Amino acid sequence: MTSPDIAARRALGACAALMVGALTLTACGGNASAKSDDGKGGQQDSAARTSTAKIVISAKDGSTGASINTTGVQVSDGKLTAVKMTVAGSGQAVAGTLSADGAVWKPEEQLERGTKYEISATAKDSRGLTSAANAIFTTVNSANSYIGTYTPDNGTTVGVGMPVSFDFDKVITDRKAVQSHITVTSSSGQQVVGHWFGSQRLDFRPQEYWKAGSKVTMKIDLDGVEGANGVYGVQKKTVTFTVGRSQVSTVDANTQTMTVMRDGKLLRTVPVSTGSPEHTTYNGQMVISEKFVQTRMNSQTVGLGGEYDIPDVPHAMRLTTSGTFIHGNYWYSRSNPPFGREGTSHGCVGLADVQGAQGDTTAKWFYDNSLVGDVVIVKNSPDKTVQPDNGLNGWNLSWSEWTAGSSA
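Heads up, the sequence shown is in our numbering, so the first residue is 1 and it goes up one at a time.
These are computed hints drawn from the structure, not numbers from a lab.
If you're wondering where the values come from, they're calculated on a predicted model, not measured in any experiment.
Glycine included, every Cβ here is placed at the ideal spot set by N, Cα and C.
Among the hints, a few may not be true.
[Claimed, not checked] Using C-beta positions, here's what the derived DEER-type ranges look like:
| no. | residue 1 | residue 2 | range |
| --- | --- | --- | --- |
| 1 | 143 | 88 | 14 to 24 Å |
| 2 | 132 | 64 | 20 to 30 Å |
| 3 | 93 | 383 | 55 to 65 Å |
Produce the entire structure from the sequences given, and follow the hints as far as they go.
Here it is as structure tokens:
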């Protein structure tokens, strides 16, 4: 027979056992607020053993349309200790740079389109505790992205007639979205407006020629901008260029002369030979878009059959996409030079020169004194005015016509 005292002691023992069991279950449950003995008679929070450094890889793991410009790694509440980026499959390393504070890592160069990459990163917080993250992703492919090839290039010095011109490699259907993400400003304060020539070319210019000596900045923020259904931009950069002195040259087909004006003053008057009666030269304002000390000119490339093929045309400067140049001529008749007298070319403007682009010639002088972006105006030719999209020749549109072509 059990006495009351013995029964009470057994009941007390059973309760104690249940309490120990409950404490054991709580500890094994891994509660973030659970305590453990720190060996010094105190308690230590288990959360303190977890790093507070939070790593973020901009391209999500498994994504297939990652940016080629903004992909990178950053950390908060810690410093990056290692970042490894490779081309998936080949293992080719992608070089990158870490910010001075250890918070941001970026690839040194723009990534390739349509390429799979892997990133693994580790970081430590202020207590030396480590965290890690990784991602495998594919950048946007060429079929679903567009790029605008632009001129002028960053850091160049150009003439006062040089527009900013973009040629896109895809048809742009949302012109407003694309144009609104390209801004062009000038230190001169001139208003700059964009104009679309069709669905793949966008040019920018002010109402009048750029002010000499001004600085022009274009900010391209097309990364991720949808230009057509399912087709996104991949460019993000800032480009600056300088406008040099003002030089505008006027060719008079009646007198076969060209007056070169520099900063509003006459620099020189030179004899020229424009197009023949059968192959007249365009009228209008034309901008020098390319310069070649020597270049080949073949009539077949401009639809004239086999009339000429000159492998070493000296001091050639392009005025139109269709093949109009102002260039040196060494093949003229020495006994009957045409310069200043008559038009004999196939539509170009010719200047006296020698073979090999050497010597003190009129053509060399004009070439040496010209910049890409300088304006050459032709007047009094029996031909029509050049089309504004035939070269960089939008100046042949009035300001009202120009602004009417804007989608902003």
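Hint check against the structure, violated hint numbers in rising order: none
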